[in-house]
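> In order, the protein sequence lines correspond to chains X and P. Just so you know, the first sequence maps onto residues 7 to 187 in this note's numbering. Just so you know, the second sequence maps onto residues 8 to 342 in this note's numbering.
Some clues are possibly wrong.
Here are the computed lysine-lysine pairs in the BS3-like style, where the Cα-Cα straight-line distance is at most 25 Å [to be verified]:
(1) P:51 x X:143
(2) P:143 x X:143
(3) X:148 x P:276
(4) X:148 x X:90
(5) X:90 x P:274
Read the hints as simulated data drawn from the structure, not as lab findings. Computed from a prediction, not measured in an experiment: that's the story for all the values here.
Take a look at the letters that make up each chain.
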Amino acid sequence: MCAASIRRRRAGLSELVATMLTLTLTIVAGSAIFYYVGARSVESVSLYGDSVNEVISFLQERATIVDMNYTSSSVTVWIYNPGKVDLEIVQILIYNYSRSMYYLYNATHVVDLNNTSNYVLLDSNPNLEKPRLSSFKLNPEKAATITLTIPNNWPNFVNGRTYYISITAKHGNVFTYYRRW
Amino acid sequence: MRKRRGVSGIVAAVILFTMLFTIGTGYLIAINQINHLYVKTYVKSSEQTQEQLKENVELLARLVNDRLTILTTNKGEMPSAIIAIMVRNADGVVLRYYNASSTSITPKLPIFLNPLDTESIVTDIEPISLQKYEIKLLTDRGNVFSATYPPVRNELAARALSSGAIGDLYLEFNSYSYYKVSSNTLYYQGQAFTIPVSFITSYYSAFSVTITNLNSAQKNIILDGYTRIEQFWGVGSSMRRATWYIVSNQSNTILANYTPIELEYDKPKVIVFASSTPNTFQPVKLSGSEAPQAGTPVGVLILTHGWIGVDYNQIGNTTPNYGQNSPYVTTLYTG
Chain X
7 MCAASIRRRR AGLSELVATM LTLTLTIVAG SAIFYYVGAR SVESVSLYGD SVNEVISFLQ
67 ERATIVDMNY TSSSVTVWIY NPGKVDLEIV QILIYNYSRS MYYLYNATHV VDLNNTSNYV
127 LLDSNPNLEK PRLSSFKLNP EKAATITLTI PNNWPNFVNG RTYYISITAK HGNVFTYYRR
187 W
Chain P
8 MRKRRGVSGI VAAVILFTML FTIGTGYLIA INQINHLYVK TYVKSSEQTQ EQLKENVELL
68 ARLVNDRLTI LTTNKGEMPS AIIAIMVRNA DGVVLRYYNA SSTSITPKLP IFLNPLDTES
128 IVTDIEPISL QKYEIKLLTD RGNVFSATYP PVRNELAARA LSSGAIGDLY LEFNSYSYYK
188 VSSNTLYYQG QAFTIPVSFI TSYYSAFSVT ITNLNSAQKN IILDGYTRIE QFWGVGSSMR
248 RATWYIVSNQ SNTILANYTP IELEYDKPKV IVFASSTPNT FQPVKLSGSE APQAGTPVGV
308 LILTHGWIGV DYNQIGNTTP NYGQNSPYVT TLYTG
């Protein structure tokens, strides 16, 4: 074997190794980028989808408060769901024009918003909210009533005055109604 | 030494293209689908809101055979479905809540009303003298319409002003409406007490009024094709008139030929006047010289003609035996 042919074979080997290394690096780096970008795009689509879903639910959520009916210590609200999704209620506010009466009913509490230390736990007084908002779900094109009772020793409704009711639904819509007793 | 060409560039290009056509395309398709869903929902939501705004059901509470009866007329552009009715007294006490399962109301709920349709809903409530009632009606679109019994002062005044006391026909004063006619379709414009001259000269027009047969002997009345609304203005030789003949309609579509309309006792019916000729629909548009000048109040007469106390199947063999001329309202044409 002559010296020239030995030099040629060694040069060929190093080129092959270099190519293999480059190829491996390229494939590894490319795959890493591929999976990273893929994961990020899936995450991005998922976040965007969730966000659009929430907006869609907001658009499909509707309620009509048909009427209210008072006694001195309670109010019954008649609600109809003309929307396309179930109506779930997060909270209900009852107040008068001057907000001297300002009560909040949610899944767990009845709170006097003029004095937030004044509250009642619904678990110990379940009759104040019928049905409980935690279990209330109104299907589309259905009507239902909710009766809210004012806790003992709290100021009651006064005949001849107007009271407002403001219902906040699960997807962020707020529905307001008022009626004079 | 001959330099050999590397393949890493090709591999990189393949990887880049794979990324572009898998992740990139997938991403774009997913985003596009989500956007499509959003736009579709938004459009549906807007349509629902528009439909809700177009819905208009008029109520009139009255006493028929000692029962509280609610006369409903669909004055909107959309069919309506009444799904629930609530009646409460002046103290706010809910007396009745009628829904689809209630059997004490006639007809049973839900009640479907096409545009211009009317329905008398008879409740089982026998009103107590001097007691006031509030009636609320809920539609499937979520609209609430209300009325009181007895009707409030302006409703009573409106009814008194109509020609209910003259002859057999009770004409619902507030129901006097005008329409644009396009092809054979009616488009409600509003009450017809004030109309721009430009409207009557630019568009084919029509009028409607709710008529109730209150014949004291409770006989039926059938209107023939010569029944019409006439508007007249001016005096002496400058007196002018315009005529709209009665037409048959299905909801807001005018039918080509008129079929005699039967008015049963105490069943309100919306009558449409839209034709320049009797019995066959020919739309009416007044030219400038035929129309009243701006600022002209015109008298409105309803000339009814047909049969009274005759079976509907026998009208072909019977000479019309009924005719009535009802002075009705005034329309002011404005500039």
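> Run the distance test for residue 51 of chain P versus residue 143 of chain X: straight-line Cα separation, threshold 25 Å.
holds, 23 Å
> Take the C-alpha atoms of residue 148 of chain X and residue 276 of chain P, compute the straight-line distance between them, and say whether it is at most 25 Å.
violated, 31 Å
> Next pair to validate is residue 143 of chain P with residue 143 of chain X; report whether the Cα-Cα distance is within 25 Å.
Between residue 143 of chain P and residue 143 of chain X the Cα gap is close to 24 Å, so the pair holds against 25 Å.
> Taking 25 Å as the top limit, are the C-alpha atoms of residue 90 of chain X and residue 274 of chain P close enough?
With a Cα-Cα distance of about 37 Å, the restraint between residue 90 of chain X and residue 274 of chain P is violated, given a limit of 25 Å.
> Holds or violated: residue 148 of chain X and residue 90 of chain X, Cα atoms, limit 25 Å.
holds, 11 Å
When each numbered hint is compared with the structure, violations occur for hints 3, 5.
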